[in-house]
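Residue numbers (our numbering), protein chains in the order written: chain A, 2 to 331; chain B, 2 to 331; chain C, 2 to 331; chain D, 2 to 331.
If you're looking for bench data, these hints aren't it; they were derived computationally from the structure.
Possibly wrong hints are sitting among the right ones.
Identical chains blur together in the list; that is why a pair holds if it fits in one copy or across any two.
[As the list claims (entries may be wrong)] Taking lysine to aspartate or glutamate pairs in the DMTMM-like style, the calculated list, with each CA pair at most 20 Å apart, reads:
1) LYS264 <-> GLU277
2) LYS322 <-> GLU189
3) LYS111 <-> GLU277
4) LYS93 <-> ASP4
5) LYS264 <-> ASP53
6) LYS264 <-> GLU50
7) LYS309 <-> ASP103
8) LYS100 <-> GLU159
9) LYS132 <-> GLU186
10) LYS309 <-> ASP245
11) LYS264 <-> GLU154
12) LYS264 <-> GLU139
13) LYS85 <-> ASP98
14) LYS204 <-> ASP103
15) LYS42 <-> GLU315
16) LYS132 <-> GLU185
17) LYS204 <-> ASP301
Next come the chains, spelled out residue by residue.
Number of protein chains: 4
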Amino acid sequence: MIDVCLFGAGLIGQVHAANLARHPRVRLRYIVDPNPEAASKVSALTGAEIADTQTVMNDLSIRMVFIASATRTHADLAMAAAAKGKAIFCEKPIDLDLKRTDQCLAAVEKAGVPFQIGFNRRFDPSFRALKARLAQGEIGAVEQVIITSRDPEPETEEALAGGGGVFREMTIHDFDMARNLLGEEPVELFATGSSLVAPQYAKLGDYDTAMFVLRTASGRQCHINNSVRAAYGYDQRIEVHGADGMLRAGNRVPTSVEMSGAKAISHDKPYYFFVERYAESYAAEIDHFIICVETGRRPDVTASDGRKAMILCEAALASAKSGRLETVRF
Amino acid sequence: MIDVCLFGAGLIGQVHAANLARHPRVRLRYIVDPNPEAASKVSALTGAEIADTQTVMNDLSIRMVFIASATRTHADLAMAAAAKGKAIFCEKPIDLDLKRTDQCLAAVEKAGVPFQIGFNRRFDPSFRALKARLAQGEIGAVEQVIITSRDPEPETEEALAGGGGVFREMTIHDFDMARNLLGEEPVELFATGSSLVAPQYAKLGDYDTAMFVLRTASGRQCHINNSVRAAYGYDQRIEVHGADGMLRAGNRVPTSVEMSGAKAISHDKPYYFFVERYAESYAAEIDHFIICVETGRRPDVTASDGRKAMILCEAALASAKSGRLETVRF
Amino acid sequence: MIDVCLFGAGLIGQVHAANLARHPRVRLRYIVDPNPEAASKVSALTGAEIADTQTVMNDLSIRMVFIASATRTHADLAMAAAAKGKAIFCEKPIDLDLKRTDQCLAAVEKAGVPFQIGFNRRFDPSFRALKARLAQGEIGAVEQVIITSRDPEPETEEALAGGGGVFREMTIHDFDMARNLLGEEPVELFATGSSLVAPQYAKLGDYDTAMFVLRTASGRQCHINNSVRAAYGYDQRIEVHGADGMLRAGNRVPTSVEMSGAKAISHDKPYYFFVERYAESYAAEIDHFIICVETGRRPDVTASDGRKAMILCEAALASAKSGRLETVRF
Amino acid sequence: MIDVCLFGAGLIGQVHAANLARHPRVRLRYIVDPNPEAASKVSALTGAEIADTQTVMNDLSIRMVFIASATRTHADLAMAAAAKGKAIFCEKPIDLDLKRTDQCLAAVEKAGVPFQIGFNRRFDPSFRALKARLAQGEIGAVEQVIITSRDPEPETEEALAGGGGVFREMTIHDFDMARNLLGEEPVELFATGSSLVAPQYAKLGDYDTAMFVLRTASGRQCHINNSVRAAYGYDQRIEVHGADGMLRAGNRVPTSVEMSGAKAISHDKPYYFFVERYAESYAAEIDHFIICVETGRRPDVTASDGRKAMILCEAALASAKSGRLETVRF
């Protein structure tokens, strides 16, 4: 049994809390959140004790921390945990600032503690199977990757305020997936954004609709399309073209029921949002991290993956402004 | 917290054990199985104490029993539990003998304890959604139901020996689904069986391939096709035709990955067998039973449903021999 | 160029007329129909001359006749054409009476002229591909066949009057397909019919909703389900189960457009009825017949196939009354 | 009956020849091709007379010409036909040179003859239905369009020599479709190309793998992905995202047969290439043109559409070199 602490009792924190509570080999000891109501809710559901950061960091029995708190607190918590030798699972992004990210990574590296970044989609059963079949050479060398990634609904202006913007909050997952599937690092990136859906994004200087093209050194290409709204639910699809064919992973639907009526044949729309769509991947990423900590194996998704995805975000922001294919420097 | 005992640590018992161990409102206190290895396995995974029937029955803190032991023990265990006022979840069939089934039901009725029969497919999310949409009148009055139900692989001769035969072990689920969807009780039934797949079935006077037609009093019809082997995995599909269209529920597949290759476009085959395919329904039926016990609500699938499905099995056996549409008398 | 005459300018006659007019190696010389308007319409579209039966039969340049007139005229026209040495393409059924069918077949046999029966579905590209893959052993020995065959709308009482009934007009195609796919002749047949859709059928002593089970000598099984109404259009599907898997052929849809909306994902319903759904098969069956006549090859679908399908219709009518699995005697 | 002449007896010329020969209201009088064998082949199949350009242009009974000859001859033939008052159906591109294109269009305009450009995909039943449903507002305002367009196999070096390159030969169709679906003219375009598939393209300074992003003035976006090779056949898909959902049109497959085997469920791959995939659209575009000429209606796809698609090709070539979002000036 490994004793763990969870930082953050928000939406994503609750997802982790439920998975940690069900896990046979860990004990969710502490929940830390500045909002007492949120903390109480998680505590009630899981039996975790409400604590403050200091207590947790000083408790030597806590060998593992899950950081799902506000983005601006990630780096501090990670560095504090690293200093105490605790294994760290951290939600993306590590920090919105690259220098601070590098500082944090240096601290983690120095401490030598296991660190996994929360790119949960890598653990989605369909994407994982797709990747494994790519790795087995089922379609030969990769040539083009097409990533469709669309949220069900725009966020409110309140929720957006203080966030990192759409590229750093949403596209970052797609950039990580692009890196994961291209088989080579992207070296150039083109981005373009528009304001077509919800004015609160433009108000903050942000985009609600965007397209991206990434290139690797050998000329492999990746397209990403994003929107903050899809009337039919969370749209998460991947398509990889190689010399010998195409592998793709489509949306998942709640039931297999199909209705043949007088107007059309219809079936379920995809799951509403990430909590439902990626339920399995959230459980699997935690399981992966725990196994890594138990066995000393290096997690498949590291701090460096978090950093590189952030650098792609920066290049995208630059390109959306310059209208140029920007060079990526990791 | 409700303290429960599980009888039976075989394949289906293990499924129930895992769901009971994860359930937030019950405690799996005891596991009873004549096979010490099987019992130990469940005990190790769930923390349940290995016990004998007597102890469990006499332990007043055990308010609920799950009977997933050998078929011939179902009726005795159910009657013993009823006598002690315990709520009973019982795997189908209650007994292979109708008289003994009736005896057991009388005892349960007299004791007034909650009783749910393990027709888990009623709790499958897709079949449940289909049924709910039927009930909402989406396709008007039901006219025909088509049930496809095919196991992945024949059982060995050893496994078959002492069993109730394919109709009573396998088709019984389809008969229950037919009743569930037709909206009227079947009053006539035609069955025909063949030996095309695996000789061990014929050796025991049984069939490995069968077709059925059921009729209700108003003339609604239901077709069932069964085979003990499907090369592509567990095949569980339902199609309901009504005045205004068709509702159907197809197989579920592990991932959404699709491969477009030089020869064909291919996707995952269905889940291998019931443990995977009906994972959600096993969890949901237990949840339903617990809620019923907690709230005093009558379970949706009762002992009477188990009895009626058995009567359809008897009619099917008679029809397969007589070559006639047999009358069903509940 | 082969000069041909078409008997019958009704719906199915018009389909043949259009295909004959477009065919590069035949010339549609005559159209014969007691209804002058119908004949004129075909004549206007194709340039065929309106003629009477006598003229056509006596015209030695007419080497081929297509009989798509009223059922009761089929046998007479076929025997007259046979006597004149003309190749005969005849719509099913040859006659509603088995004796008269046998008489007609004897006359055709004696004359030694090519004869093809209009079981167009054998020439549907999907069903044909399915059959070819069966023949190549892709799923091993056939065990069960499931045929879904549902018309879009019931016929009016007027249209039904004088017809042969649903089994002989509609199910006859499915019986032929069952024979085509089972790989063995059916030797037993069970049928059951209901009146659930449109009272005009029951008024004529007929059924609007029916199910069938056929058995071959080795125990292979076939299920057919029929309805005279499907709200979503013409439903024509086949499913064949064998030792190594399942081959199935689904409905065809007009376009590949899919709509993802706030309520569901929907796509086109199937083609409305046989003219659209089987457009390719009507062209292909004519092409096949012409090639057979040109090359002296025996058509794939012969008078004997027409006769055997009729015998299955008789067995079905008997079974629907007796409630027994009836023996089929070809 | 309209007498027509066809220029060009190559692959695309043969497609037009077959459709013209079958058309009920035109007569394919002449075929013109410098290659006598090709001309003879078309003549044999259709009965068209082999002629030279002069004869055709001087024959006043020829009211309509179909130009499917080598690209470099398009403008001359079109101008000659315009001068003689003949209606012109011209394959794309009008010319690889924009000035010459403009000259040709001016001549056509001056002559006032009907002119249709061969953007056949506009007449594909699925794309056409998608467009019609867009126009009906089914998904509200368009926000993003995704066009997948991949050829089955690279062309040989010989076939490529003298051609206009991939953007002008292949992507031009996608640019037209982008304009057709975006609902606004593109004003900016980004392109990037690679050499990953077949060296003959790079040898000619061309790309075999490319991605494009187009923007309209209001910020609507379109992505196009191209490859000269798709192992699974011709890949032609469209996806349109709007405020209220997504409309998409997938590939079409030869049959509806599905195989469920021990490894996977598989179905047909798409049609091999444009002759099969767009068979209906080639027939429909000719039909549309003939109706336009008969009724004096302006064709839906005009010379101006051909010109604008060429301008997008030029912008794409510039962008692929500059790495910039290039401004489009029609």
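Hint check results:
1. LYS264 <-> GLU277: between (29 Å within a copy, 17 Å between copies)
2. LYS322 <-> GLU189: The answer is both: 15 Å in one copy and 14 Å across copies each meet 20 Å.
3. LYS111 <-> GLU277: For LYS111 and GLU277, the Cα distance exceeds 20 Å both inside one copy (37 Å) and across copies (44 Å).
4. LYS93 <-> ASP4: For LYS93 and ASP4, neither the intra-copy (23 Å) nor the inter-copy (42 Å) Cα distance is at most 20 Å.
5. LYS264 <-> ASP53: neither (58 Å within a copy, 44 Å between copies)
6. LYS264 <-> GLU50: Classified as neither; 55 Å inside a copy, 42 Å across copies.
7. LYS309 <-> ASP103: Answer is within; shortest intra-copy Cα gap is 11 Å, inter-copy 49 Å.
8. LYS100 <-> GLU159: neither (27 Å within a copy, 54 Å between copies)
9. LYS132 <-> GLU186: within (16 Å within a copy, 38 Å between copies)
10. LYS309 <-> ASP245: Classified as neither: same-chain Cα gap 29 Å, cross-chain 35 Å, threshold 20 Å.
11. LYS264 <-> GLU154: For LYS264 and GLU154, the Cα distance is within 20 Å only across copies (15 Å; inside one copy 27 Å).
12. LYS264 <-> GLU139: between (39 Å within a copy, 13 Å between copies)
13. LYS85 <-> ASP98: Answer is neither: 24 Å inside a copy and 66 Å across each miss the 20 Å cutoff.
14. LYS204 <-> ASP103: neither (30 Å within a copy, 44 Å between copies)
15. LYS42 <-> GLU315: Answer is neither: 36 Å inside a copy and 53 Å across each miss the 20 Å cutoff.
16. LYS132 <-> GLU185: This pair counts as within: shortest intra-copy Cα distance 14 Å, inter-copy 38 Å.
17. LYS204 <-> ASP301: neither (38 Å within a copy, 40 Å between copies)
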